[in-house]
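Chemist: Sequence:
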Amino acid sequence: MDDPFPTDTGLFPTQGPWRAPETLGEETPDRRLRAWLACSGSLTRALRAACPEGFGLRIHRRFSILLPREEADLLRVPAGSPVLQREVWLLCRGQEVVFARSWIPEGALSDPGEYPLGDRLFEPGAGAERLRLEAAPVSAAEGSLWARRSLHQVGPGRLLVGEVFLPAMEALCPPPD
1 MDDPFPTDTG LFPTQGPWRA PETLGEETPD RRLRAWLACS GSLTRALRAA CPEGFGLRIH
61 RRFSILLPRE EADLLRVPAG SPVLQREVWL LCRGQEVVFA RSWIPEGALS DPGEYPLGDR
121 LFEPGAGAER LRLEAAPVSA AEGSLWARRS LHQVGPGRLL VGEVFLPAME ALCPPPD
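Heads up: the sequence shown begins at 1 in UniProt numbering, then just goes up one per residue.
Just so you know, these hints were derived from the structure itself, not from any lab. For every residue, glycine included, the Cβ atom is placed at its ideal position computed from N, Cα and C. Some clues are possibly wrong.
Estimated spans, in silico, between C-beta atoms of each pair [as the list claims (entries may be wrong)]:
1. R93 - E129: 14 to 20 Å
2. E26 - G80: 35 to 41 Å
3. G143 - D2: 33 to 39 Å
4. A79 - T23: 23 to 29 Å
5. E70 - G125: 27 to 33 Å
Kindly generate the complete structure, drawing on both the sequences and the hints.
Modeler: Shown next as structure tokens:
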């Protein structure tokens, strides 16, 4: 599968506006999913805790894209600026639980390679700050899934991280409040 969430207008093909997770109420299928969408710390760390015997990461692809206007405005760079698009699958016991897509402008952060981006953003002394956390339903082959996007300030630059919660997430215990 080349692009599991194709879109030419944004991070993911949303079915509604991006909103703060705490405003979603009963729109999401269950409280477990709402807890994952609202997880304010590192999603990587929370997934490791929920899947201590088998957390993993698999790189899907990395390439350069030109930013659409809305996301360029969020990142405070001109529309059409090139950014690194990094796509990974986060795994629990070998099963895909999250598809993550990050947009990293040059100078914001070096490519984390085979390591989870969350490890870089949330490590002590990283100097990264989450500026915004939002959620929205997205179109998928399985129907409608939920995603979130996080805007981070890293030194003088910004980057955008998006995560789609796949059906296998329903089996995982939610992160602690």
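Chemist: The structure should be examined with respect to each hint, and the outcome stated for every one.
Modeler: Evaluated hints:
1. R93 - E129: 14 to 20 Å: 32 Å, violated
2. E26 - G80: 35 to 41 Å: About 39 Å separates the Cβ atoms of E26 and G80, which means 35 to 41 Å holds.
3. G143 - D2: 33 to 39 Å: Hint violated: Cβ distance 20 Å, outside 33 to 39 Å.
4. A79 - T23: 23 to 29 Å: 28 Å, holds
5. E70 - G125: 27 to 33 Å: This hint holds: roughly 31 Å between Cβ atoms.
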